[in-house]
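One-letter residues, chain by chain:
Number of protein chains: 2
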Amino acid sequence: MKVMIMGMDGYLGWPLAMHLSARGHNVTGIDNFSRRRNVEELKSHSATPIKSMSDRLKAYQRKTGKKLDFYEGDLTKTDFTDKIIAEEKPDCIVHLGEIPSAPFSMIDVEHCNYTQTNNIVGTNNILFAIKKHAPKCHLLKLGTMGEYGTPNIDIPEGFFEIEYRGRKDTLPFPRQPGSWYHLSKVHDSHNIMFACKIWGLASTDIMQGVVHGIVTDEMTSDDLLTRFDFDEAWGTALNRFCAQAVIGNELTPYGKGGQTRGYIALRDSVQCMTLAAENPPKDGEYRVLNQFDETYSVNDLAKHVVKVSGEFGIDAKIWSIENPRLEKEEHYYHPDREKLPALGFKPTNDLDAELRLTIPKLMKYRSRIEEKKEAIMPKIKWRG
Amino acid sequence: MKVMIMGMDGYLGWPLAMHLSARGHNVTGIDNFSRRRNVEELKSHSATPIKSMSDRLKAYQRKTGKKLDFYEGDLTKTDFTDKIIAEEKPDCIVHLGEIPSAPFSMIDVEHCNYTQTNNIVGTNNILFAIKKHAPKCHLLKLGTMGEYGTPNIDIPEGFFEIEYRGRKDTLPFPRQPGSWYHLSKVHDSHNIMFACKIWGLASTDIMQGVVHGIVTDEMTSDDLLTRFDFDEAWGTALNRFCAQAVIGNELTPYGKGGQTRGYIALRDSVQCMTLAAENPPKDGEYRVLNQFDETYSVNDLAKHVVKVSGEFGIDAKIWSIENPRLEKEEHYYHPDREKLPALGFKPTNDLDAELRLTIPKLMKYRSRIEEKKEAIMPKIKWRG
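Keeping their order, the protein sequence lines are chains W and A. My numbering applies: residue 6 is where the first sequence begins, and numbers increase by one. My numbering applies: residue 6 is where the second sequence begins, and numbers increase by one.
Any given hint could turn out to be false.
Because identical chains cannot be distinguished in the list, a pair is counted as satisfied if it fits within a single copy or across any two copies.
Think about it this way: if two alpha-carbon atoms lie no more than 27 Å apart in a straight line, the pair counts; the simulated DSS-like pairs of lysine-lysine are [to be verified]: (1) K344 <-> K173; (2) K48 <-> K378; (3) K312 <-> K378; (4) K141 <-> K333; (5) K48 <-> K94; (6) K202 <-> K384; (7) K351 <-> K366; (8) K137 <-> K82; (9) K202 <-> K333; (10) K384 <-> K137; (11) K136 <-> K7; (12) K68 <-> K378; (13) K366 <-> K48; (14) K287 <-> K333; (15) K333 <-> K173; (16) K322 <-> K366; (17) K386 <-> K287; (18) K386 <-> K82; (19) K141 <-> K384; (20) K72 <-> K56.
Since the hints were made in silico from the structure, they are not lab data.
Extracted from the complex, chain W is given alone in its bound form (with noise of 0.2 Å):
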């Protein structure tokens, strides 16, 4: 198959990439590396010393005789997106190339607006591109479990059937979103819902839960290392946690810590990604598939931390403080899971024995986390 990344160059993007290599797809990649300079302007960077995309090239040639093609770019700008969807024609398109991070579209109204049109645009211009170029090609987008908020009921798969004064219909289930950045997923999930009913394009949705980890089985050595994040806008919950533990600071969970939100590990989330690329929908179908390996609460995963890492000689505290975003600390929560399992999907690991995989191989990065732990504790405030 032959399969397109966008934002090859991210957290995600480039452990797939190897892994859909190995698994003998061919291999396109798309970054204009915007991660890697968002990240700097938040004075931090990744606790993994990343390559530049020419040494990854490189080295994964060099280990496994295989090669990734990639090109420099912007998916904002139509031209661009137009002609290399034309050029490379691919089976499916696995569109991580998205501003990924909530408090980061908090700062303020620049950056709010920066994160809504980049992520609008760029998968608008996809989808134009595919129906002009690539009708057939299976669109993979990602987008996140936070365009669902925290209602009191369960969370269906995307839609749902509900009788309303005494009729029925199957509808989109609402979306209660928490941040600039989660809308911006939001607004994408209804632009490629209209474009799959209008042109019959295939697309997959991915609400995906929050990712962490930072083993996959292609990472064999360090130059092919994906980055790892740990500031308080690019690092998510449970990897700011371990990063936390490794340079002795207190863990610190926002206001009670009762948010509860589904995780998955990383190298999970690539074989729940490859899964669904290896088994599209049917032409003219939007399919959305909820994506994470078990649901914990923010005070869980704390707890989970300090145990794990006290097996590594680090005796780790919680330290909870305010909490900078506006959300339920205490909720019910409740989403299904039932369509990536039909598919194959099998958790890898419980969440402590992947804590186990991760905690060692940060500890090798302690003083890269030191050097920037400055962005670790949250400044940027929902309430502004």
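Using the hints, position chain A against chain W.
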């Protein structure tokens, strides 16, 4: 009350400005005149020979002794929007300053992106400027009934309480918009709902039906006329039929003509917006109002236009044509309309009585419609 009208040069903006001013409010308008340019791009023009903004302002002052303020500028320019809201600190902003055409947005990727970014960024800029400079300002935002699509259940006003798998919640009603333009309005609605939640802003999001007609009490002379579009992109169903009747062309419902929507006369739209502005929601409230007089199918509309134009000696015929859009042509449609009547809204005329005002007025401008009649028949197709 100090009211700012974004998009004061438009079909609704201009009559609303005069009406609010006549009621004693202090009105300031903003426009970048993009509507005039965008209609020209499609080789059309307003049936009514509208004046420039400076002539309108002078004519209004001459007639009434009252002054309307006006700034020319583009709401997508963050500094401009920030500056005018900082200077004016309005009590209410009526936001009509968006690109409102479904077919225009469907032309190609550039028109899709232009419509979505223009509408989203303009609204975001207003939200951030209100938060910063006028947090008590009521944002009265024009959305569209088209945000809801045509579900097989009743359409409540924004939110509904549902039971799902034995649990209950009150959730935003799912949106199923039918064009890139309608999607932009859904994106706005989600963004505004979020701003109200995190910052405690007060907003009314009006889900407006299709507006028709040309008469309001304040439009007392030709130099105070508002625009009246009749082409495929900027003319809405009923107005287009009136224009077709006036030049002796067949009325052209799309497809089976069973497409049913809410319709509202221009004067009633002005009445409703005034009611909403004068009865603001409370701080932090995101209030959704469904705003229309009655629902009609496209075939019903055509029959009403045939009947009333007959009273003026016009022998109009109906000629159904292939539907350029992708939409259900026979469907359930039952939207609620309770909140505006509770605020005092009373439809002024029934459809025929309003048509008896629109059609003779348009007959006066028959030659202007003739001149651009090539722009009426649909060339923009939803399937591309």
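Each hint, compared with the structure:
1. K344 <-> K173: Classified as both: same-chain Cα gap 23 Å, cross-chain 24 Å, threshold 27 Å.
2. K48 <-> K378: Classified as within; 10 Å inside a copy, 59 Å across copies.
3. K312 <-> K378: The answer is within: 22 Å in one copy meets 27 Å, while 75 Å across copies does not.
4. K141 <-> K333: between (41 Å within a copy, 25 Å between copies)
5. K48 <-> K94: Result: close neither inside a copy nor across copies, 38 Å intra and 36 Å inter.
6. K202 <-> K384: The answer is between: 20 Å across copies meets 27 Å, while 42 Å in one copy does not.
7. K351 <-> K366: Close inside one copy (24 Å), not across copies (69 Å); limit 27 Å.
8. K137 <-> K82: For K137 and K82, the Cα distance is within 27 Å only inside one copy (16 Å; across copies 32 Å).
9. K202 <-> K333: between (34 Å within a copy, 12 Å between copies)
10. K384 <-> K137: between (44 Å within a copy, 18 Å between copies)
11. K136 <-> K7: Classified as within: same-chain Cα gap 17 Å, cross-chain 47 Å, threshold 27 Å.
12. K68 <-> K378: Neither, since 33 Å and 67 Å both go past 27 Å.
13. K366 <-> K48: within (23 Å within a copy, 64 Å between copies)
14. K287 <-> K333: Classified as between: cross-chain Cα gap 22 Å, same-chain 38 Å, threshold 27 Å.
15. K333 <-> K173: between (30 Å within a copy, 17 Å between copies)
16. K322 <-> K366: within (20 Å within a copy, 77 Å between copies)
17. K386 <-> K287: Result: close only across copies, 24 Å inter versus 43 Å intra.
18. K386 <-> K82: Between copies only: 24 Å across, 31 Å inside.
19. K141 <-> K384: between (45 Å within a copy, 26 Å between copies)
20. K72 <-> K56: Answer is within: at 17 Å inside a copy they meet the 27 Å cutoff, but 64 Å across does not.
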